[in-house]
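Enquirer: Mind docking chain C on chain L? Use the hints.
Protein chains in written order, with this note's numbering: chain L, 7 to 807; chain C, 937 to 1025.
Certain hints may be false.
As the list claims (entries may be wrong) - Straight-line Cα separation of at most 25 angstroms, SDA-like style, residue types lysine to any residue; simulated pairs:
id, chain 1, residue 1, chain 2, residue 2
1, L, K376, L, E405
2, L, K524, C, D1007
3, L, K524, C, W964
4, L, K524, C, D1006
What the hints assert, rightly or not - DEER-style ranges, computed between Cβ atoms:
id, chain 1, residue 1, chain 2, residue 2, range
5, C, G997, L, T794, 48 to 56 angstroms
6, C, G948, L, T501, 13 to 21 angstroms
7, L, A40, C, M990, 44 to 52 angstroms
8, C, G997, L, T303, 22 to 30 angstroms
Calculated from the structure, these hints are not laboratory results. The model shown is predicted, which means the values in this text are computed figures rather than measured ones. The beta-carbon is built from N, C-alpha and C at its ideal position, and this holds for glycine as well.
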Amino acid sequence: MRDALARHRLVTITGLGGSGKTRLALEVAASVAAHHRDGACVVELASVTTADGVADAIHRAVLPPSGRPGVDGLHALTGALRPLQLLLVLDNCEHLTADVSRTVEALVGACPQLRVLATSREPLHVAGEHLVRLDPLDVDPCTVTGPSDAVRLFLDRAAALCPGFAVDRDNVADVARICRLVDGLPLGIELAAARVSHLSVREIVQHLEEQPARLRARRPGVAARHQTLATTLDWSFALLSPVEQDVLRRLAVFAGGAGLAAIAAVCAPPGSTEDDVLDVVSRLVDKSLVIADRSATGSRYRMLDSVRRDALDRLHAVGEEDEVRRRQATWLATAGVADVDAADVLTSLAWALDAGEVDVALAVAAATWKEWEVSGRHAEGRRILEQVLERAEASPTPERAAVLVAAANLALAAGDLVAARRRYGEAVDTLAAADRPAELAAAQNGVAIVALFEGDTTAAVRSATRSLQTSRSVGPDHAGVAFARVTLGMAVARTGEHQAAEHHLLEALARFRRLGLKREAASVLDNLGNLAADAGDPHRATRFYEGALQLQRDVGDHRGAALSLNNLCLAAQQLGNLDRAWEHAEAARAAFASIHDRLGEAATVNNLANLAAERGQPAQALELYLTSVAAFREAGDVRRLATSLHNLADLAEAVDERQLAWDRSIDAVSLWNQLGEDEETRRGLGRLQALAGAWGVTGWELPALAGDGSDREAVSHALERARWVSVPVTPRPPVQRGELTPREAQVVGLVGRGLSNAGIAGELFISERTVESHIANARVKLAIDRRTVLARWAIEHGLSG
Amino acid sequence: MAVYMVDRDLPGISMEQLADAQRRAIDWSQRYQREGRDIRYIRSTFVPGEAHCMCLFEASGPEVVSELNDDAEIPYTRVTEALDLTPAG
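Next comes chain L alone, as it looks inside the complex (with noise of 0.2 angstroms):
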C-alpha cells in the first residue's frame, strides 16, 4: 500500500462492505502522514449527501476551524489546498462516485502535491487512479505459518473480550467454519468473535448456520454479493435485547456519531438517565457495533458505515424514521452548536423540510447556525437558511426573523452587504412588532455594521445608538449592549473621535469581560489597538493587543493570535524596537503555520522581510521576499503580490541589483495595472520611468508609450517594450560558478536538468525543505528570482551537464 501511495496521486482500495477498507486506509495514512509536510487528514464522506458537500465535508475537515478563510465550494477548496503537501484520505465514498470522482479529478489536477487514498465499494474511475483491491481472508484453519490470518483475527477479537480464550484442537474446525460462513469478511468475523463470553464456537456455528434461510424470507432484496454482511448483521442484531435493538437502530440518525445526552435525548426509551444510556451503549461497544471515541472532551459513539447503513434500513423498515428524526431535530434545536455534527444538522435540516416541518427546521436553523460562521463555510449556510426561510415565507413570527437574522450574519460575513441589508432590515420590521427586544437589538446593529461597511457613518451610528437604547431596556448587562457599543465606537472613530470611540470600547471590554465573552473581548482589545496606533501611540497599541493575545492564546483562537501577533510586530516596528518586532513576527508565521494559512504566513515573511531590509540584512529580505513572492502567486493572492513585488524592486534598488529592481517593478506594475489601480499603476509607471532616467536605459520612452497611465492596454504595452530593454549594469565581478558551495551547485545543476525539489530531495537523500533552503542561497547569491532563469543559469554554466 505504501508503495502504491508512493508511485501514484490516487489510490482507491475496493471491497465489500466489512472487508476492512477503512481500518486499512487509517493504518495507512498513520504510517506516511509524516512523509507528507502538511501530514494526512481524514474525511469521513458517510454522511455527505449532496455534490456540494464533497468539497464542503473535505474544506471542513482539512482546515481547522479557525483557521479557515471566508471560501466555499470547490474551486476555493483548490484553492486553499494548492499550496499543501498533504495525503487526504476519503472515506466511504461509493454513495456518491460520480460527485467525488469530479472533486477528486479537480483537486489531484489543481494540487500538485496532493496525494488522495479512497475508499469505495467501487472504483473511482479517474484517470491514474491506482485500484487495490481488498480481498476476504484466507478461510482456511491454517497456512505453513500458522493459523490463518481468518483465523488469528477472531482468535484476537475473542481473546480480547474473553481473556484466556484460545484455538485448540477441539474448536478450530468451527473456528474455521464461522470464518468460512462470513466469507472471510473481517467485519463478520469480529461480530461472531464478540459473542464468544455468552456462546460457544460450536453454538456460533449453529446460529450463523440458520442465518441466510432467515435473512432471504425476512430482507428478499439484498444482493447477493452483500448477502454474507447482511446476514452476519442480521444475526448480530437478532442477539441484542430489546432495547439494545431500538438503540442501536435509532444511533443511525447520527451519522457522524454522538455522545451521551444526545443519545440519551434522541435514541434511549423516554425518562433515561445518562447512566442507562451508559449501560446500553457498552454493551453495544462490547459486541462490535458501535465504536467509542474517547476524548478529554466527553466520549462519542458512533458506528461503523456498513452497520449504520443497515441499522438506518431497519429503522425505516419498523416505520420509526419519522420519530426518531424528530426527536434529533428537537435536541439539535435545544443543544446549538455544542456536540453537534456539522453533517447531522444538514442532514436533519433536510429531513424537517421534506417532511413539511418548518417550525422545526427554523428552531434548527436558529440554533446551529453560528457552526457555519465559525467555520467559514458562508455559502452552505446561506443557502440552508434561505431554503428554511423560503418555506417559512408566510410567517412573519420572531422564529423566522431569527434565523433572518442568522441568514444576515452570514451575508455579513461573506461579504454581501446587499442581502445582509435586506434581511436585517425584514427581521427589524418583524421583531419590534412582536416586541422582541433581545433580537431587535441584534438586528438593529446588523443594519450598523452594514452601514459602517458601505462608508454611510451617520446611518451607522444611528442604528447603532438604536441597538444600544433597545439593548438596555432588555437589561443592563445585555450582551447587545456591549455589540452595539462596540460599533458605535467603530462609527465615531470614523469621525476622527478617537476618545469618544475608545470609551465605547473600553464599555464593550469590561462588559464582555463580565459575561465572559473572551473571543469578542479579545476582538474588541484588537480594535482598541488599532485605535491608538493610528493615534500615533504605539506604547498603548501594544498593552491592547497584549491583551488581546491573552485571550486568543486562552480560548485557543490560533487565528486570531497570529493577527494580534502581527499587530504586535507592526507596534514594535514603529517603536523602533526590531529585535522584538522579529520576534512577533516570527512567532505569527508559527501561528499562521499552524492552522496551515499559507496566505497568512506570506504576509508575515513579507514582514519579516521589511524588517531584515531596515535593520540592514539586505541578503536575508530578498530570500525573504522572493520567498512571499512565492507565496503569494502559489495562493493566487495578486494584490499582495503585487505590494510584495513592489517592495522586493525597493530593496533591489537599494542593493543596486538593477536588472532585478527593473524587472519586478515591471511585474508590479503590471499586476496594478490588470487590477485597474490606476493611482498605484501611475506611481510605478513614474518609477520606472525614474529608475530608467538614472540608469541612463535607452530605448525606452514612457510618456510616449503609456500616456498618462489610464489607457490600460496602452500601460500594457509599455510594460511588454519595457521587458525587451537592456538595464545597463554596475560593473562588479561576474558572480562565478565557484561563488556556489558545491552542494549548492549540485541542487542548481539538478533544477538545469528541470528536476522539481522532491525530484532533487530523491535524487541526493536530503529533505526538501533543505533543497528549498539551497535554491534560496543560490538565488540571493546570483541575484536570480525565477527558477526558470535558474535552470538556464545552471545550463550555462555547465552544472546540469
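Expert: Relative to chain L, chain C alone:
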C-alpha cells in the same frame, strides 16, 4: 510566586470610583486567599493625565489574576509579568 501587573484604561473615572475599585481588588484577594488560592494584591499606581492605572498582584500565575479581576468586575486590558523593585525597609 511571581508579580503581575494589571493595566487598566479608565477614562473619566472619579477618585471615589478608583478607591472603590481598589477596595474590591483587596476584598477579592482576601476572599481568594481564604479559598486557598495563591494571590495577593500589592498596590496600584494611577496616572491621571493618561487615565492609566497599573495594579500589582503577587500570584501563582496570570490566569488567577485575570480571574480575580473578572470576578471583581474591575476593567483591565492586559495582565503581564512584572518586577516589583520597592527597596526593602
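Enquirer: Look at each hint and say if it fits the structure.
Expert: Taking the hints in turn, this is what the structure says about them:
1. L:K376 to L:E405: Holds - the C-alpha atoms of E405 of chain L and K376 of chain L are around 16 angstroms apart, at most 25 angstroms.
2. L:K524 to C:D1007: holds (14 angstroms)
3. L:K524 to C:W964: With a Cα-Cα distance of about 21 angstroms, the restraint between K524 of chain L and W964 of chain C holds, given a limit of 25 angstroms.
4. L:K524 to C:D1006: holds (11 angstroms)
5. C:G997 to L:T794: 48 to 56 angstroms: Since the Cβ atoms of G997 of chain C and T794 of chain L sit about 54 angstroms apart, the hinted range of 48 to 56 angstroms holds.
6. C:G948 to L:T501: 13 to 21 angstroms: This hint holds: roughly 20 angstroms between Cβ atoms.
7. L:A40 to C:M990: 44 to 52 angstroms: holds (48 angstroms)
8. C:G997 to L:T303: 22 to 30 angstroms: holds (23 angstroms)
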